[in-house]
Structures are given as C-alpha cells and as structure tokens.
Amino acid sequence: MTSVSKFRFAPKHDIMLLTEVVAVRPTNTLGWLEIGQRLSVAFELTDRPPLTGRAVRERKDLLLKHFKSQDISLLKRSGTEEQYTELQTLSQEVFEYENSMDKLKTKQTPKTNWKSNAIKDNRDTALQIRQAAADTMRKKNICRRCYSSCCTATNCC
Numbered sequence: 380m381t382s383v384s385k386f387r388f389a390p391k392h393d394i395m396l397l398t399e400v401v402a403v404r405p406t407n408t409l410g411w412l413e414i415g416q417r418l419s420v421a422f423e424l425t426d427r428p429p430l431t432g433r434a435v436r437e438r439k440d441l442l443l444k445h446f447k448s449q450d451i452s453l454l455k456r457s458g459t460e461e462q463y464t465e466l467q468t469l470s471q472e473v474f475e476y477e478n479s480m481d482k483l484k485t486k487q488t489p490k491t492n493w494k495s496n497a498i499k500d501n502r503d504t505a506l507q508i509r510q511a512a513a514d515t516m517r518k519k520n521i522c523r524r525c526y527s528s529c530c531t532a533t534n535c536c
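Residue numbers (our numbering): 380 to 536.
Computed list of lysine to any residue pairs in SDA-like fashion (alpha-carbon distance at most 20 Å, straight line): (1) Lys447 x Glu475; (2) Lys391 x Leu443; (3) Lys518 x Ile508.
Simulated from the structure, these hints should not be mistaken for laboratory data.
Please construct the entire structure, taking both the sequences and the accompanying hints into account.
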C-alpha cells in the first residue's frame, strides 16, 4: 500500500487558485468545492485525491495573510518576477473583493420578518379592542354571558 503525499502548491498553482477565486467569487462551501474540483482537473491530480474546498480556502487565506502583512520574502522565494507580480495583482483583487463583501455585511440591517411584525401588531390591536369592550361592558353593567343588561336584575347568569 503506497502512501499518497500531500499536494504542494507552487507559484503557478497559487496563480491559478487566485484566478479561480476572482472568477467564481465563492460565498459558501459549494463555491469552494467547485474551485477545488476545477483545480484538481487543471493540476492533473489523477494519482491523488481531489483538492477539497477547505484546502483551497485555507491556501487562499494563507496567501492573503502574507499579502496583508506585506511579507514579500514568503511570496517571492520561488517563481519568476512575472509570477510574483501576477500573484500580487490577484491577491490585491481578492483582498479588495473580500473587504467590500465585509463592508456590505456590516451595512445591511438585520432582516426582519414583516409577517411576524404584522401578526404582533394585530395581536396588540386585538388586545386593546377586547380590553376596551370589556371596560364598556363593565361600565354599562352588561352580562358577559348573554350580552344584555337584564341579567344584573334577574341574575340569569
């Protein structure tokens, strides 16, 4: 039984990964899984298991972490100058996209269920109407069972 070694990302793989992230703009697990499957085909990983969505998302996070910290030596340590500049450009695009998405999430007001608010308002209104009717019945000495004023004299209830 042979052991399968872990896939190692090279600069060309990082460029392909960030290109896919820019193209797909994943927002959920299925988007990351789609990118993993596309990259597995592109990298011709026939003898290895396909890349998972988690693996590509974590690699993207690591690349952006290096980009944010401006740790150029980690990104520049292998690959050509063209690869490095392309990686920088793609990292900038992904970074700006994620920042804009974060800003949109914080700007959005929490979704309120208008139906539940309408039902709550209707309940409050109904309680007020019932309370007003009960007060009126008490003031006029109206029986709550037969809705007449005669029962107070005849004690029908």
